[in-house]
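Heads up: the protein sequence lines correspond to chains L, W and X, in order. The first sequence lines up with residues 639 to 933 when you count with the numbering used here. The second sequence lines up with residues -19 to 254 when you count with the numbering used here. The third sequence lines up with residues 58 to 409 when you count with the numbering used here.
If you are wondering where the hints come from, they were derived from the structure by calculation, not from laboratory data. You may find that some hints are simply not true.
Computed from the model, here is a short list of chain X residues facing chain L with C-beta under 8 Å [said to hold, decoys possible]: (1) 128; (2) 129; (3) 137; (4) 158; (5) 267.
For glycine and all other residues, C-beta sits at the position ideal for the given N, C-alpha and C.
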Amino acid sequence: MSANHASLSSSIRQDPWWARAIMILLAIGFLTWLVLIPVVFVFVSAWSNGASSYVASLLEDEETRSSILLTLMVAPVAVVLNVLFGLAAAWAIARFRFRGRAIVIAMIDLPFAVSPVVAGLSLLLIFGQNGFLGPWLHERGWQVVFAFPGILLATCFVTLPFVARELIPLMESIGDEEELAAVSLGASPFQMFWRVTVPNIKWGILYGAILCNARAMGEFGAVSVVSGRIPGETETMPLRVERLFQDYDSPGSFAVASVLTLLALVTLGIKIALERQTRADLARHQRMADQGESA
Amino acid sequence: MLRRARTALPGFRLSLGVTIFYLAVLVLIPLGACIIKAASLPFDRFWAAVSSDRAQAAYIFTLVSSFVAAIASTLIGSLIAWVLVRYEFPLKRVFDSIVDIPFALPTAVAGLVYSSLYAENGWLGQFLVPLGIKAAYTRLAVVLVLTFIGFPFVVRAIQPVLEDLDKDMEEAAFMLGANRWQIAFRVLLPSLLPAMMTGFALAFARGLGEYGSVVFVSGNMPFKTEIAPVLIVSRLESFEYAEATAIAVVLLSISMSMLVLINLLERWSSRHVG
Amino acid sequence: MSISIEHVSKWFGRFQALADVNFDIGNGELVALLGPSGSGKTTLLRIIAGLESPDEGMILHEGKNVTWESARQRNVGFVFQHYALFRHMTVFENVAFGLRVRRRPSKEIRERVDELISLVRLESMAYRYPWQLSGGQRQRVALARALASEPRVLLLDEPFGALDAKVRHELRRWLRRIHDQTHVTSVFVTHDQDEAFEVSDRVVVMNKGRIEQIGTPREIVEQPANPFVLDFVGNVNVFPASVSLGQAVSKGITFRVPEYPHAEPRDITVYIRSHELRIDRNGIDEHAIAARILRIHPAGSVARVALIHSATGKELIVDLTPAEIHELHLQEGDDVYVSPKRLKVFIPDYEI
């Protein structure tokens, strides 16, 4: 771009300084008011009675401890299941054209639109005591609702789209030529997948898994319906936050909330790092594509 | 039903099989069960459940508060997106990342914080309540927390469109003698409108289904601050499964129409960008 | 290895990409599939490779039916149009891939890969990644990778399509040299006739999913089998005409066609390649076409002259050397006479 062009363009596109200042201050103001103050407030409230009381409310309350353990068990399992599903769905959708493909894509989006409470209720109607499968499961001694499997199903439902939604466009933009090349060079399906497909999408998998994990740990509505909220048994961390709040144990409630907030902030940090990584990769491949045209 | 064009890549049946199985177990069968259960109710009972005064009040409050919050999200989100794309200022990248916090923060935490901040003795409530602004356990509280949850959708919908906006278009308009306001309203706004509407629809849809945060801040008073998901839960707690299901189906059909609408908007939006 | 393609047809939805294609490729041959885009040449190549399967017909390798064998079982080397190098692997690992997945001993892999990397003269690049290479270098890596597991057939999809003119010319000669060293049966797809003629032993000209002609480059140039080949292979002036008694008449332009002495008139088409027309200042020949020069495009070793037939407004294209133009002092707007040095006529059921 020539210097002339740049100055002309900036003079048209640049608003006067006072307009810029007002708008920047307004935007920063909104972000501070809506997001920053609440986040700071969580930590201040959690620590208001000192560090020892903070640690005590997290570790010495047995029901809080068990809610942390339950969340730490449910979220990773949900992430693993959704990563496996995401890989399968992305492979089928990005690599093949088949009838009903658009329907499958729409179904993957559905959990984003459905209210978590409706999702929880639906699971209850299938697996609950009076549900379609409930009695049959009950006879065989399988407890789904008000137990770990139900919580897991509800969590998987609400986090289902994250990995697949990340991988489908990624794999479409990478294209299938490298995989075809691997097959033509004699790779078995397993070798093709591990040596060519996975290395190309590894950051995308991680990215989807991170977002999925954040949502899995924080899910409230669906889990609250299917779990029965039995303290010490089926209470996850977000449910524990509500229980303590209703019991007027504000410091305890904020202590659990602060852990969840910290997890959210760590998630965002990893997400930003991953985005930087994938942007760098993308720029490199873009350069490669450009050179391919001209060199 | 599922036929494909043959290619040399392996794994079609396995991957599609896993996909359909997973979707069936988690999504298709449960939501199907919900619809079947509601359909098996005698019609007068279904109608009584979905059209009771309390249910009507809940739908209206859910729709209105989501709508108002989506409007507020659109205004605030558009401003933030504009500032983040067009201007340079210190800590810009930090503020850009802050926009994502509502996506990552568990809604229960948001609810807890908002209800405490605006309580009479809370950080913000102590100044606002004397002024007559009560933003805890009121309708305003619901709108506020839904705005917190909704505005990032608007920012993230507009940002890429604003970045890709053809700068020649603005220059051409300038050369043709348009002034700053004319450029803003006749050139920029029409190109951003599809993205703004997409962001609005996403925020609105999210608000309709939201439960975790609202349950903390609204006070859940029937006929006043009770949203439809809370009504479903309260029906469940009194073991009125049929009534709960009937209301759930109403909510489900609203979310499905929103999904279709969002897809249409996104298609329109991407065509606009070209 | 010899390859036979027997009655191969392929549809994509309602579009027929290949229609009953038949031909054989001999052991050690280098064959070009030449045609415009959409002619089915790439589809045919992918079917030979096993990357796609035909809807009808068979592919035989050495007489053995491999139609339903996967690409993996056929042991073919395939060079993709955009190379499809593994982006997260070095040049060395790209070339080694075919050997690694076959679980060859690592010593053997090292020797074989080193040998191939020096064959394609990329010794100094062995530990670079694809994005650090130029287009031509990537092309050579793709070729080395395809050759690593000693395929019995080498297939190349538009191998030089994405390269600039200079690199393309070098790589063409180089591909021919590699083929003469390795003698692996090779098939490549191209839409560039010069490329096909320069590199291959035999050319298969394709159009709309069918084979129009198979022959050596010389046969195709000198004896085009039909109007499509003639048109595709060179720039051709076309005159719809009526022929009788050894003369073809097209809107007042007369050509001598001594091959058709019959009195019964027939509709034919006269084809004259642009380099088989000459331009004179004076109308020596009674049948010379009076025309006016519209434009002269100098294009390297050939200058293309566009003329307009003064009587009918028909446009003519003549290729001359710059020397000839200089000699005749040709200028845009000059009135000149055009006459054929050689012409070709196709008469249905009566080919000359």
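Hint by hint, here is what the structure shows:
1. Using the Cβ-Cβ criterion of 8 Å, the hint placing residue 128 of chain X at the interface with chain L is satisfied: the shortest such distance is roughly 5 Å.
2. Interface restraint check: residue 129 of chain X against chain L, minimum CB-CB distance 5 Å, threshold 8 Å, status holds.
3. Nearest Cβ of chain L to the Cβ of residue 137 of chain X: about 5 Å, under the 8 Å cut. The hint holds.
4. Hint status for residue 158 of chain X relative to chain L: holds, with the closest Cβ pair at about 4 Å, below 8 Å.
5. A hinted interface residue such as residue 267 of chain X counts as satisfied when its beta carbon comes closer than 8 Å to some beta carbon of chain L; here the least separation is about 26 Å, so the hint is violated.
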